[in-house]
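Residues 14 to 646 (this note's numbering) are what the sequence shown spells out, left to right.
A portion of the hints provided could be inaccurate.
Listed next, with one range per pair, are the computed distances between beta-carbon atoms [claimed, not checked]:
| no. | residue 1 | residue 2 | range |
| --- | --- | --- | --- |
| 1 | ARG503 | ALA19 | 18 to 28 Å |
| 2 | ASN29 | ARG503 | 45 to 55 Å |
| 3 | GLN498 | GLY146 | 49 to 59 Å |
| 4 | ALA193 | GLU433 | 34 to 44 Å |
| 5 | SER603 | LEU209 | 38 to 48 Å |
| 6 | GLY150 | GLU58 | 52 to 62 Å |
| 7 | ALA437 | ARG278 | 34 to 44 Å |
| 8 | GLY362 | HIS71 | 47 to 57 Å |
| 9 | ARG278 | ALA208 | 41 to 51 Å |
| 10 | HIS445 | ALA407 | 26 to 36 Å |
| 11 | GLU196 | GLY123 | 21 to 31 Å |
Bear in mind the hints are in silico, worked out from the structure with no lab data behind them. Ideal Cβ positions, reconstructed from N, Cα and C, are used throughout, including at glycine.
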Amino acid sequence: MAFDQATRGRLRDLVNDCRKRLTEEFTLQLQQDYGLDPKTGEVTELERLNHLSDRERHTAALLRETLAHYLALEGDSKSQRQSAIDRIIREQAFTVLNRLAALLMMEARGLLLPAVSQGTQSQAFELYRHLAGTALGETGEAYQTFLFSLFDEFAIDLPALFDRFAPQGRLFPRETALNALLELLNDHEIEPLWALDEAIGWIYQYFNSQEERKAMRKASQAPRNSRELAVRNQFFTPRYVVEFLVDNTLGRHWFNATGGTTPLRDSCQYLLVKPDEQPEASIKLRDPRTLKLLDPACGSMHFGLYAFDLFLQIYRDAWQWEQQHGPGALDVSTQPEAGFEPLCHSYSGEEAFLRDVPRLIIEHNIYGVDIDPRAAQIASLALWLRAQRAWHEADVKAQQRPDVGQGNVIAAVAPPAEKELREAFMARLDSHDAELFEKTLQMLKGLPELGVLLRAEKELPALIRQVYVGKGSDLFAEQEQETWQKAEERLRRALQEFSDEASATYQSRLFAQDALQGLRMIDLCRVTFDVVVMNPPFGALSASVKAQLSKEYPNSKSDLLAIFVERGLDVMRKGGHLGAITSRTCFFLSSFSKWREELVLKVGRPEVMADLGYGVMDDAMVEAASYVLEKQV
């Protein structure tokens with residue numbers, strides 16, 4: 014079943030209906046049960062909520078701490094409280110929808126017995142209730158407990174989505190609302206979609222309506238905050254465009270390295286190869302564990318999902334290469350610090366190696382960043398499901414599958430802004446680490462609007478010298494790196510302890526989590542990539558970071574798309590490939606002349622281009638082009 018226009022229309026209607034029901038349900042819960050009113054911004058004192066059970070009172074307290082965490086950054090006016098409560102409702106609704114959709118996708122892939130597809134009549138629930146007996150109470154209460162147990166199980170691999178103690182996952186629909194939601198999700202016309210990898214991406218695409226995007230654009234020419242920037246530039250990349258760009262970046266890279274002998278030559282249908290082209294093979298083939306691909310505006314990870322397919326073949330090629338040329342035949346010089354052993358020394362044989370490849374791809378090869386935390390939720394889910402499908406197709410039983418870690422998908426969230434918590438945490442550090450922590454938070458201040466555009470790796474050496482050596486002093490690059498790694502390790506450990514100790518509040522845990530996410534973002538900015546592929550935001554710069562971006566990217570400041578391309582070239586190694594789908598106007602408007610002259614034709618070199626015209630990215634009214642640049646310097 015393909016995602017044609019009619020299919021997308023059915024899914025769009027489903028998502029709109031689900032969002033409406035969940036929004037209404039959680040608005041009522043906050044107003045009637047938990048004393049948070051999105052209409053007035055009023056917050057009832059916790060002591061006055063006498064009708065709540067102990068568990069509900071605990072939830073009410075956590076919701077207030079979540080609200081306080083959001084308001085620490087935005088301010089505490091009436092309108093800001095209204096906006097923050099709306100954010101809580103929106104996040105809860107999206108998370109619940111994603112969780113149930115994820116379980117349905119797992120069912121369709123044979124990873125889970127029917128648990129959602131037939132509601133309380135589902136096979137998995139019947140087995141669960143049979144084992145638990147009457148201890149779970151009435152059917153509705155028992156089914157909720159069952160679903161929570163599934164969430165907790167999958168939270169081990171997918172905490173960004175399934176962690177019930179995360180701020181975006183505290184609420185759950187009551188029985189009547191849940192039954193109505195399940196009826197929508199289990200419609201016979203929708204059922205075939207759960208087997209398709211793209212389903213979760215279209216749910217993300219349609220959760221924000223066209224009307225909402227139009228209203229944002231009408232209110233302001235430029236995005237006014239990170240959410241508007243994300244919603245206004247949320248356009249699904251068609252599969253053929255994804256394949257075109259990945260084939261001619263990652264596929265081209267491996268084609269060149271192998272001298273054209275890889276099976277990718279035939280399986281990559283959009284790889285542009287001249288009939289007589291026979292590139293010279295590398296003397297030493299790169300160890301695939303050292304190949305890194307980044308999508309800097311990853312959304313629901315469509316580029317990464319297709320790249321996963323190519324990486325499966327790349328690993329097979331590498332194994333065969335090492336078998337033919339012996340241990341040490343694979344080059345690991347781009348990451349000597351990783352200490353990779355030859356593949357044949359790390360695995361007992363080809364079967365054991367291939368069984369581990371899906372985990373290796375997620376752990377080492379595919380990176381993604383998005384300014385929308387919801388996108389990071391489903392991007393992580395999409396990659397995890399793709400790994401599970403690879404094991405399923407290879408007939409690897411569930412108990413034989415390696416554990417998949419958190420991967421390399423990062424949400425560019427705002428650094429924590431609570432002054433009291435910051436001071437309390439810094440008091441636990443020595444003076445140098447405390448100073449570095451405060452300066453790091455200042456450096457990350459614009460992260461929700463900047464994402465990967467934040468050039469943290471360029472600011473970091475100066476911070477290290479300033480804090481640990483003294484102004485005007487120099488450090489060798491190796492010393493700077495070692496100093497940062499040791500300091501970061503201390504900060505991570507201290508933040509974890511700050512979050513885990515018995516006296517920690519929920520808000521202090523949120524503070525620590527956001528700070529840790531910021532450290533992950535800094536680490537990503539220091540990685541050098543071989544491939545960058547993207548469908549970046551385009552248009553006017555967000556008002557809050559316009560001055561900063563104009564200063565940092567003087568050759569590209571005319572449009573966000575140009576800045577993303579420059580940044581993509583910036584984080585790649587020489588010989589790397591960048592693929593992008595953007596507006597085609599950047600190749601002829603005079604406002605892009607510096608970008609074309611200084612970046613596209615100097616730092617990069619155009620390799621392939623497809624002029625696609627209108628109507629490529631769903632409802633985006635833009636003439637698009639897909640192109641690949643090879644980095645020259």
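Verification of the hints:
1. ARG503 <-> ALA19: 18 to 28 Å: For ARG503 and ALA19 the Cβ distance comes to about 56 Å; the hint is violated.
2. ASN29 <-> ARG503: 45 to 55 Å: holds, 48 Å
3. GLN498 <-> GLY146: 49 to 59 Å: holds, 52 Å
4. ALA193 <-> GLU433: 34 to 44 Å: holds, 43 Å
5. SER603 <-> LEU209: 38 to 48 Å: This hint holds: roughly 43 Å between Cβ atoms.
6. GLY150 <-> GLU58: 52 to 62 Å: For GLY150 and GLU58 the Cβ distance comes to about 31 Å; the hint is violated.
7. ALA437 <-> ARG278: 34 to 44 Å: violated, 59 Å
8. GLY362 <-> HIS71: 47 to 57 Å: Distance hint for GLY362, HIS71 holds at roughly 51 Å.
9. ARG278 <-> ALA208: 41 to 51 Å: Since the Cβ atoms of ARG278 and ALA208 sit about 29 Å apart, the hinted range of 41 to 51 Å is violated.
10. HIS445 <-> ALA407: 26 to 36 Å: violated, 50 Å
11. GLU196 <-> GLY123: 21 to 31 Å: Because 24 Å falls inside the window, the suggested range holds.
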